[in-house]
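2 protein chains.
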Amino acid sequence: MANITKKVSWSGRGEDSARGETTPLLNGAAEEVRYTRQSSGGGIFHIGRLSTVDLEEDITSEEDSARGRPREIPHNEKLLSLKYESLDYDNSENQLFLEEERRMSYVSFRCLEISRWVICGLIGFITGLIACFIDITVEKLAGVKYSVVKQNIEKFTEVGGLSISLILWAVLNSAFVMLGSLIVAFFEPVAAGSGIPQIKCYLNGVKIPRVVRLKTLVVKVCGVICSVAGGLAVGKEGPMIHSGAVVAAGVSQGRSTSLKRDFKIFEYFRRDTEKRDFVSAGAAAGVSAAFGAPVGGVLFSLEEGASFWNQMLTWRIFFASMISTFTLNFFLSIYHGKTGELSNPGLINFGRFVGDSVTYNLYEIPLFIIMGAIGGLLGALFNFLNYWLTILRIRYIHKPCLQVMEAMLVAAVTAAVSFAMIYFSNDCQPLGEENSEAYPLQLFCADGEYNSMATAFFNTPERSVRSLFHNPAGSYNPLTLGMFTLTYFFLACWTYGLTVSAGVFIPSLLIGAAWGRLFGILLPYITTNSTIWADPGKYALMGAAAQLGGIVRMTLSLTVIMMEATGNVTYGLPIMLVLMTAKIVGDYFVEGLYDIHIKLQSVPFLHWEAPATSHWLTAREVMSSPVTCFNRVERVGTIVDVLSNTSTNHNGFPVVTEMAASDEPGKICGLILRSQLIVLLKHKVFVERAHSRLSQRKLQLKDFRDAYPRFPPIQSIHVSQDERECMMDLTEFMNPTPYTVPQETSLPRVFKLFRALGLRHLVVVDSENKVVGLVTRKDLARYHLGKHGLEELHLAQT
Amino acid sequence: MANITKKVSWSGRGEDSARGETTPLLNGAAEEVRYTRQSSGGGIFHIGRLSTVDLEEDITSEEDSARGRPREIPHNEKLLSLKYESLDYDNSENQLFLEEERRMSYVSFRCLEISRWVICGLIGFITGLIACFIDITVEKLAGVKYSVVKQNIEKFTEVGGLSISLILWAVLNSAFVMLGSLIVAFFEPVAAGSGIPQIKCYLNGVKIPRVVRLKTLVVKVCGVICSVAGGLAVGKEGPMIHSGAVVAAGVSQGRSTSLKRDFKIFEYFRRDTEKRDFVSAGAAAGVSAAFGAPVGGVLFSLEEGASFWNQMLTWRIFFASMISTFTLNFFLSIYHGKTGELSNPGLINFGRFVGDSVTYNLYEIPLFIIMGAIGGLLGALFNFLNYWLTILRIRYIHKPCLQVMEAMLVAAVTAAVSFAMIYFSNDCQPLGEENSEAYPLQLFCADGEYNSMATAFFNTPERSVRSLFHNPAGSYNPLTLGMFTLTYFFLACWTYGLTVSAGVFIPSLLIGAAWGRLFGILLPYITTNSTIWADPGKYALMGAAAQLGGIVRMTLSLTVIMMEATGNVTYGLPIMLVLMTAKIVGDYFVEGLYDIHIKLQSVPFLHWEAPATSHWLTAREVMSSPVTCFNRVERVGTIVDVLSNTSTNHNGFPVVTEMAASDEPGKICGLILRSQLIVLLKHKVFVERAHSRLSQRKLQLKDFRDAYPRFPPIQSIHVSQDERECMMDLTEFMNPTPYTVPQETSLPRVFKLFRALGLRHLVVVDSENKVVGLVTRKDLARYHLGKHGLEELHLAQT
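Just so you know, the protein sequences line up as chains A and B, in that order.
The opening position of the first sequence corresponds to residue 4 in the working numbering, with each subsequent residue numbered one higher.
The opening position of the second sequence corresponds to residue 4 in the working numbering, with each subsequent residue numbered one higher.
Hints are supplied without guarantee of correctness; some may be wrong.
Intra- or inter-copy, both count: the list cannot distinguish identical chains.
Stated by the list, open to error - Each computed BS3-like pair below joins lysine-lysine, with the alpha-carbon atoms no more than 30 Å apart:
| no. | residue 1 | residue 2 |
| --- | --- | --- |
| 1 | K755 | K670 |
| 2 | K755 | K402 |
| 3 | K705 | K755 |
| 4 | K773 | K755 |
| 5 | K263 | K210 |
| 6 | K755 | K210 |
| 7 | K705 | K210 |
| 8 | K148 | K158 |
| 9 | K86 | K790 |
| 10 | K341 | K143 |
| 11 | K267 | K687 |
| 12 | K773 | K670 |
| 13 | K687 | K670 |
| 14 | K148 | K705 |
Everything labelled a hint here was simulated from the structure, so no lab data went into it.
On a predicted model such as this, the values are computed, not experimentally measured, just so you know.
Could you put together the complete structure from these sequences and hints?
Structure below.
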């Protein structure tokens, strides 16, 4: 039934886990490290150096024959990268921590709670400000570009030199895009794309390097302004989510490592548990600012991130979202000269669907479902194309300069295609007074008319979406819409994944709105009774939802976001139906766009549940063993050697009671992290063997917090030969009550414990409480349901 | 700092837990039961019969002096009742279960998943139908009552015999209420009230007896129709949530124990884990039907119940909500003669807020916050009054006939008060054409006018709320509104908690809408510029939100429910602000209404987190010990004796390995539940001691599922003297991998594990994996933050 390849542990596999490997242990301290390995019979025996080497060779030959050398094809969705560390959502409740907590009075806890609220308010405020800044800058730049191009087109149309206009336009766009691409490619590659996959991973518990740094935020904001101004088929909404997350990570820590400023506040929050909560709030604030959807933001955070629903946390996230919308709203109302009018939230504004047109009928439900299915199909096509494009990019376009050139090429092509479309379409619409177009282009139209294709391309995509939703019936020519859908689909697909900061929400909505409106326009032609299909804007909305749902496959949160962005609840039910259909149809073919990109990065992402058919796997099979353990009082040299071992790079070590016979595994009595050991070594918290239990230096939680989150590498810490012989007492610093499971526990049970508590290390023990293995994120993320039942991903040190 | 009374374990304390008590163990098997008790020093010693009796006496004297005899004051929020069992959200992964899971192919899992969706669809459909039934019946009855009373008033007004009209009205109302109260008081007392506290408890993991039975549903539905028709100050929305939950519990099990029908379907879902998920969906479907708020329903379920957010589960809950709204909508559209028009969902319909009036300005935000504060204050007053009323009811009105009489009295008083109000107010409004009043009463007004107070009292409350929201400015006299608010406040407060099925949502909204509108009307008088306060309906909406928030203290879900019920997203932000203020202000004085009622029932309700200042408590202090354990192969007589012990009534027993010395605790090797043992005993799964390991009868999971959830009591199972000497092998049936924690684990850590995984029993072990204690729901629910720091509730066998 299930089809699992034989599990082998090979060199360099477990970064988070603690396994004893042979090759790196050739130094003098090697024999102090305990190796334990679980044999198939259940007994425990010691593996000497030789046997492990045998094992190693065994594996290597197997590797070569069975699956090639994984290192050579670094990006492959059948691999799981080892370069990602995990976040620890489980507090290390060591003595220092407990002492601090016990010292704290009820009032201090109240103060902490209040500071959490203050931080969330700040997060919302700053996120709102950033959204406001992006919005205003993009609008200004679009205005400048429009006037320059319009002047030129008008000038050159008279003398017939259209190609010069085209070149000017393409150059202008490429220049913007080049700027945006340059800073991303050379300064902060992690700022590329929408940032949503990265934030998803972060909230899932994977530490993506540099993803929440100030530099990333700056590059992201500048990058998104450039790429939107550069006329790419992108949106500025996705990056807002990433920006909100960075703001949250920065504000909640009360310092900026990049700026080397420490405000000495919020020190209590300097750990993964608290930081992740704030990042959830930041992401929600970002969504809220982007779409004017505070509830949608909260649901986004929950859907993508939080596994444990906590009422107060949710309420705080909600507060951040609310403040963010409010701030954006308030400043935009000032900017638009209507200070204090707060009824129009969000970066994207779908416009209100009001009045009698906001109704639908039972016979429209099947139509909506059909639209959902179309959206699912088109979404799957989009994802599939983008998947292959990304593979190609990973293989051939990995140098920064190549990436910048590709981005410029896309910008130029986008300009050229738009120009060609405008040139060949002659869809002239009368320039009405009520018209919502801000930048009408006359081009080849008669006086008093404007070119609707040109408008669609010259407007910011947000404005185009709104026009598609709200312009009265007859504003668009079906042919224009069809052509626009087709070209924009491929442009957007090509654009997503470029080395620029940009989101896929708006292009998806635009494509969907275009074909949705087309669908609405064509309906009267198909049926006999043409009066009932009066409002194509409704179908544009459903098409937009279907297309976006088909691409990103979000469910509940997207429904609410769409509801809030349209400012209307009536369409809630049909939007749900459309999104549900789109997801079901799309999932049949290919995963969601974000999941594809996460898989292509080989991130060890934990899904909601263990694969269905995994009940026959137990912790014994899943866990990594042997485990590198430390004694309660350990020789400094041993610790340094284990930490310096670059090929294993373990991050957590069970602490065991000392055993009489050295070849027996010890009983678990705690768990200590690499980061804690590094801080201990840095502060030289050890005593000479002779004076043991005499005067080990006292450390405080503050020392650990100051080092968080960028702990120095072990190489930067100098330990002299004398110091190597000292002893270190770990009792005070280890977590004395790590979660453990027996070996017989089934995989779903292990998974549930691990996922629900957001663990990083889970110790597997035998009936005597002796350590036999360690389960980490990678051990669980490896198993997934493939076409032939349960499959196991391979691990690679990419 | 924290102030905990000395913890004592007294007879009959732990229902869920497994503790060895003395008195009941006077039979022959007593010595086979292991007693272990953790001394304060950490060592383990055997407690003989004598020492426990000492302990018992010790406690009794302490009890008497310190807190009186708890049995005499059964209802007290400082107590925790032992009569409630817990639900087990953690699967018992015994051999039978694992074998079944392993036998299942991927396709079977897909089928299960599809049946889950089908069930959710059914739940939504049936809940929608019930809502539709209630709505139509109530409307019909209200129409009948209106016409009868109107006729009579008109007849008697002419001859001056107003008192006869009054009596007729009061009698009519009382008759309805009597009927509703009779069935509740005599047939199913658990159907009283809104049912929301009960469903909250169920979703929290507390098994409230009979709360999800078919009989409860029938009584609930009939009861709510009677009480609404009886003119009480109640709503029909709260009971819908309860109804949805019952429907879910019934449908998902594929059988009805009340009707003695087993459809032999959905047998896989016959366990607490699955059932609770479906009940969440049912509750959401109920909210969705009541308010036309599918998203709000999902959030309600999550906010009140689920601790572990699972995307697929949420999506299914959403589906159930959607179908429920859709069904209600569809059938109501048929009933109203507009088949297929689906834009008007929900039992309560606030009417759409559309057009230009749907705006607010920055300077209105402080006003909204003030309204929130007023709502918080009034809500706290409401809750406080209702709290004392409930205490009085518990003390003095506990006989069913008294309860019925009180309900009738309230109905009569409500009628009399309304009549007096109508009589003394002479607020006549012109009978316009556009008027939304369905039942205008002329009474003492001139022709072409109607009495607005009479309308407010005669309409269904839903209609009154809508009128308050939408009637144009000037429709209400400030004095009328003030009087109405005052009387309705006290009537609603008196009514909630009566032995009738009725909700508090609508009365709260009505009170709030009334004073909110009053606030809106008075604004122009206070300020100089009177034109800007044109729309008192907006303030009515905010007042309604504030009042409801101040009473029930829901947050995110209530915001979304209000947004969805008004069909408008624009007011999202101010509603949030209002609800947040109301909650903060209200929480300062007294808890939410539902929490008060939960506390008064002494339910062991687990909050989101352990109390803040509880880090200095460890599992050692929290756990119950000694623990009654069984051996892997146990004598039947011992099991029967332990289970028959009525004073302890434990529900879970650790299974330990046999030890050489009988006074040592064994190593944990599993956990078995009372219900499993009962099924084993019923099927006589044991062998004679001589033929041990020979032919123990094979049981299947089906046998356990058939007995679920009403396992027979141990008294109904006859075990002969010969059988008592047989042995029972528990290996196959116990959960071999129960979650365990070491003794040193801090309370917040234990709490987090327990809450996140929805456990029922958590075994505490020492470093040797020997059982030293057991943590159950009551052990954790006992600790709460009081005014003087951490407090401990006492446990009582009420």
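**Asked** When the hints from earlier in the document are held up against this structure, which numbers fail?
**Response** 2 and 14
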